[in-house]
Amino acid sequence: MNIRQEVSDAYEMLYKQQLNIKYTFNFSQTNKTFFIHNPKVGSRYIIQACLHDTTRFEINLLDKSIHFKWTSNVDFHSNSSYLNELYQDWDNIVNNTNKKDIVILYRDPLKRLVSAIIQDSLSLIETDKLSLYSKFESFGFSKNDIDLFDKWNHSVEHVNNLSIPLGNPTIHEMMWYLYKIHIDNILKKDDFHASHSSPHNLPLVILLNSINIDRNKIKFIDIDETPDELGNYLKSIEMNVPTNKHSNNKMGKELVYDILLNHTDYRLHNNLYGEIVGYDILKTYHTS
Amino acid sequence: MKNSSMYNEVYNDKIKDTYKFNLSQTPKAFFINNPKVASRYLCEVVRQNTTRFSLNLPDTELHWYENSDLIKDSKYVDEIRTDWDNIVNNRNKKDIVILYRDPLKRFVSAIVQDTMGWLGMGQSRLLLYPALHTFGFTDSDVDMLCHWRESAHPSDYGFVKRYSMDKDTSSIPLMMKCLYKIHLNNLLKRGDVESSHASSHCIPLLYLLNSINIDRNKIKFIDIDETPDELGNYLKSIEMNVPINKHSNSILGPDLVYDILLSDGDFRLRNALTAEYVAYNILKTYHT
Numbered sequence: 066m067n068i069r070q071e072v073s074d075a076y077e078m079l080y081k082q083q084l085n086i087k088y089t090f091n092f093s094q095t096n097k098t099f100f101i102h103n104p105k106v107g108s109r110y111i112i113q114a115c116l117h118d119t120t121r122f123e124i125n126l127l128d129k130s131i132h133f134k135w136t137s138n139v140d141f142h143s144n145s146s147y148l149n150e151l152y153q154d155w156d157n158i159v160n161n162t163n164k165k166d167i168v169i170l171y172r173d174p175l176k177r178l179v180s181a182i183i184q185d186s187l188s189l190i191e192t193d194k195l196s197l198y199s200k201f202e203s204f205g206f207s208k209n210d211i212d213l214f215d216k217w218n219h220s221v222e223h224v225n226n227l228s229i230p231l232g233n234p235t236i237h238e239m240m241w242y243l244y245k246i247h248i249d250n251i252l253k254k255d256d257f258h259a260s261h262s263s264p265h266n267l268p269l270v271i272l273l274n275s276i277n278i279d280r281n282k283i284k285f286i287d288i289d290e291t292p293d294e295l296g297n298y299l300k301s302i303e304m305n306v307p308t309n310k311h312s313n314n315k316m317g318k319e320l321v322y323d324i325l326l327n328h329t330d331y332r333l334h335n336n337l338y339g340e341i342v343g344y345d346i347l348k349t350y351h352t353s
Numbered sequence: 020m021k022n023s024s025m026y027n028e029v030y031n032d033k034i035k036d037t038y039k040f041n042l043s044q045t046p047k048a049f050f051i052n053n054p055k056v057a058s059r060y061l062c063e064v065v066r067q068n069t070t071r072f073s074l075n076l077p078d079t080e081l082h083w084y085e086n087s088d089l090i091k092d093s094k095y096v097d098e099i100r101t102d103w104d105n106i107v108n109n110r111n112k113k114d115i116v117i118l119y120r121d122p123l124k125r126f127v128s129a130i131v132q133d134t135m136g137w138l139g140m141g142q143s144r145l146l147l148y149p150a151l152h153t154f155g156f157t158d159s160d161v162d163m164l165c166h167w168r169e170s171a172h173p174s175d176y177g178f179v180k181r182y183s184m185d186k187d188t189s190s191i192p193l194m195m196k197c198l199y200k201i202h203l204n205n206l207l208k209r210g211d212v213e214s215s216h217a218s219s220h221c222i223p224l225l226y227l228l229n230s231i232n233i234d235r236n237k238i239k240f241i242d243i244d245e246t247p248d249e250l251g252n253y254l255k256s257i258e259m260n261v262p263i264n265k266h267s268n269s270i271l272g273p274d275l276v277y278d279i280l281l282s283d284g285d286f287r288l289r290n291a292l293t294a295e296y297v298a299y300n301i302l303k304t305y306h307t
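So the sequences go chain by chain: A and B. Adding 65 to a residue's 1-based position in the first sequence gives its number in the numbering used here. Adding 19 to a residue's 1-based position in the second sequence gives its number in the numbering used here.
The set of hints was computed from the structure by calculation and includes no laboratory data. Bear in mind the structure is a predicted one, so any value in this text is a computation, not a measurement. It is possible that some hints are incorrect.
[Unchecked claim] In silico DSSO-like pairs for lysine-lysine, Cα to Cα no more than 30 Å straight-line:
1) A:K253 x B:K124
2) B:K21 x A:K176
3) A:K253 x B:K39
4) A:K87 x B:K33
5) B:K303 x A:K284
6) B:K208 x A:K245
7) B:K208 x A:K81
8) A:K348 x B:K35
9) B:K33 x A:K348
10) A:K245 x B:K21
11) A:K216 x B:K21
12) A:K81 x B:K196
13) B:K33 x A:K176
14) A:K253 x B:K208
15) B:K35 x A:K253
16) A:K81 x B:K200
17) B:K200 x A:K348
18) B:K35 x A:K176
19) A:K284 x B:K35
20) A:K253 x B:K21
21) A:K254 x B:K208
22) B:K237 x A:K348
23) A:K87 x B:K208
24) A:K282 x B:K237
25) B:K200 x A:K254
26) B:K124 x A:K81
27) B:K239 x A:K87
28) B:K124 x A:K254
29) A:K81 x B:K21
30) A:K176 x A:K87
31) B:K33 x A:K253
32) B:K303 x B:K113
33) B:K35 x A:K254
34) A:K348 x B:K21
35) A:K87 x B:K200
36) A:K254 x B:K39
[Unchecked claim] Simulated coverage check for chain A against chain B, where a stretch passes if three residues somewhere in it have a Cβ under 8 Å from a Cβ of chain B:
37) 79 to 86
38) 109 to 119
39) 249 to 261
40) 269 to 277
Beta carbons are placed, not taken as given, at the ideal position from N, Cα and C, and that holds for glycine.
Just chain B, with the same shape it has in the complex (with noise of 0.2 Å):
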């Protein structure tokens, strides 16, 4: 009796948690994504910020989580909740579109945009100076860094292409390196990955699959990585705006991101991602 209220224990206030998922809708399509699985891109698709909910799976009751950009009751809101009603009770006539995709490289693009947001608030440069100088930087060499990371501003779409490094003429990937290093070690030793960009996405897909009364078959799956570019032809059938900007980090260094997880890797990598792994295998035989 006594291990068994202490397990509900346990249970309650250690591992029990809540799912969560963004939501998007337009006329036609209810998508259902996370961060890193296209979700500036599709905010650009709905002309809606990103709409993000969490939900105590089995159970499959909505519940808002924070978005200071949206308003909560506002029309749009409203329509996801009716979308979502709709495919819960299986009457849903949109078709739902589900984005997914590879683990490791949604793990990369976590790591790559961790690092660059955190590279842009003001209150890292107090950190910023001396972690590099421990790795032989200088000053002048970090003040590069920063004038390199604010000559754009995040929020404008366009940032990305004009970030990308020029691995011939300057210290900066080897800096980007030292940070894309530390994140690594802070997400696979000392920090929460499902507080990263890299929380899952798979296994809540799969769990959400299993406890919602849906023919599987009217799902419309889209591994975002694959070509030809599954998406951009979906939206184009609708009749959708296409976005012209993939918004991919491709070019911010994801290479300096696979030569150190294939250097300094080791067990933690593969444990953080086992489980996600196993739920895209799954979502993929779904797919297809």
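Bound conformation, chain A alone (with noise of 0.2 Å):
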């Protein structure tokens, strides 16, 4: 085999591998619309819309032919009639056929990113207890101060009840240091794109250039925006408006803020570029 050979069939083994990139999307449907969202881009409030739980598809953008397939949720059964009408839906749209709104919802990804970081660093906190106390032990906690942090994490249930007692300098400072380790993590050691900040506006603007579809068609609703254009779209259509936005605004996003101005390098930006990008384009889409 010569050198040629041997190069072309090692990228094509190694694109198959490690690059042939899936796309993931959150699909939702009521009467009158279809969305699409992702997490930390109003999935819990579209469940509260739409009254189902989130239904996530990959969809393989690459072989050009639009398929979707199912990808695990342990709530729904694949079979629903739900279901069925997602993928009806889908059908219509790729064949423009859709009569529903299609409506996208984005978002600016440094903001996505800093509530991903706090949704991903609450959830370490129930499901790596195990470490909890030997990591605030190397950072010169007292078991005590572990163990208000832990009475504090477990006097309330929902996120939305759990505010960060500013009158406690000492919960404050742990989760400033909670939040270091999973920005440390997420930059420089783990799968950025296995969290809860995986690419989101790029797989939309591939998505939109992939199926034959009038862009003029589609509402493109910027969740960070005031007014509240989403809740003003879902009032239009007669629909359920949730009153509860599920913002993670109490949970020390300064502290976030902090340790990424602080204490971050080129990575943060690399993480984000092509996100910054996919998210200026799709403001031009929402605004021309």
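Hints are included, so try docking the two chains, each in its own frame, into the full complex.
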């Protein structure tokens, strides 16, 4: 085998093994609307609006045939009537026979990352209890501090009620360390794409360039913009408007921004680079 | 309010970026490319050194980017600026030729070039001997590698051919594999991909094309890895100089780089290239 053939074969193998990227989206539907979104982009809000759990699909856009594959969701039967209608809606979109509104939710990647770090860190407290004490002890916290922290974490069940008590500097400080550990992991050691900040805007751009659809027929909603375009849209189609926006605002966003500003390097930029460009392109689709 | 100002601070300090392009011109064509996308080949075509600019997209004003070999206000550079104004204002008469390529092929080529570049720097020798000793190579082996690297000058366009590795008769490929591995590890785990020859290309192009008001049908897209040789054929069609040397790195061990990536690569390779692949696939849809 000559060197060119060898290189070409190695390229094919590597591409298939490590770079044949599939894109995942959350799809939801109502009688009037088909929603395309992703985690940390209004997903819990949409669950309440549609009164159904998240349905997540994987699309292999690179093989040029648009099909979607059910990805695991323990709360759903893969052949429910709700899902059958999703499949039907998708076929209609791909074949340009869709009658429902198509609503695409997107958001600023940095705001999404900050929200994802908060959510991932809070999950870590729950799932990684065994190492919680040793971690905090290594930062100089006492067992008492950690007990207090654990008690605070257990004092409420829902994130909306779990605000960091401003009067307790120790809990603040402990949350700062947890966020820092998670940011270091996600930017330096772990798989950024496997976190809640997996790509969203760029997959949307390739989706919109892969299906034959008139972009003027799509309603784009930037969920961080005010006035609340999503809430107003839901009202306009007489849908259930959730009263709770599930914002992570009370969970110490300022701590995360502080770490990103003072303790990160080029990796933050490199991880968000494509998403920022995708966001700006979606913004031009939205506003032009 | 506090979060909003912290957001702005992180965005401006860590995320905001400029987008870099190589721009070249002839009386009939205006070329847009980047390092590792036929840049040396184009230098031979236009008989000028690389001219590199940055843009604060979506703003389309050109900013001179450092280049020690060209005078910033030469006639050639002035004409690039005039051509650019014409493109932005939609009165351009020259062909606009955009060169792009598969991100993995470009990445591998960049690894080869960066490693060869590092090996050619005098100060690298201080680290070369101890680095290769740890892999079990002797001083004689490393002397041989240095001799091989010095046998031609990198600015000589014929040098690549004289550097081909004889796989059967020497330990040079083994040593090069170790150096490629060190560079790959640095780039994927510790170094800044955006500061290497593998800095983003397709993503900035995608953003550029969505920022300027230009009919994409008027643009000639050329994927430089495709056969038949579309770039060579285009140059012939406008009666331009067609360089005989394609400056390919294909005999400098891309097979070794693929081998390392296949055996040792993890999610970091995918994460480093995902955004570029999305943009590449979208450029492909513009092209075809």
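Numbers of the earlier hints that this structure fails to satisfy, in rising order: Checked against the structure, the hints that fail are numbers 17, 29 and 38, while the rest are satisfied.
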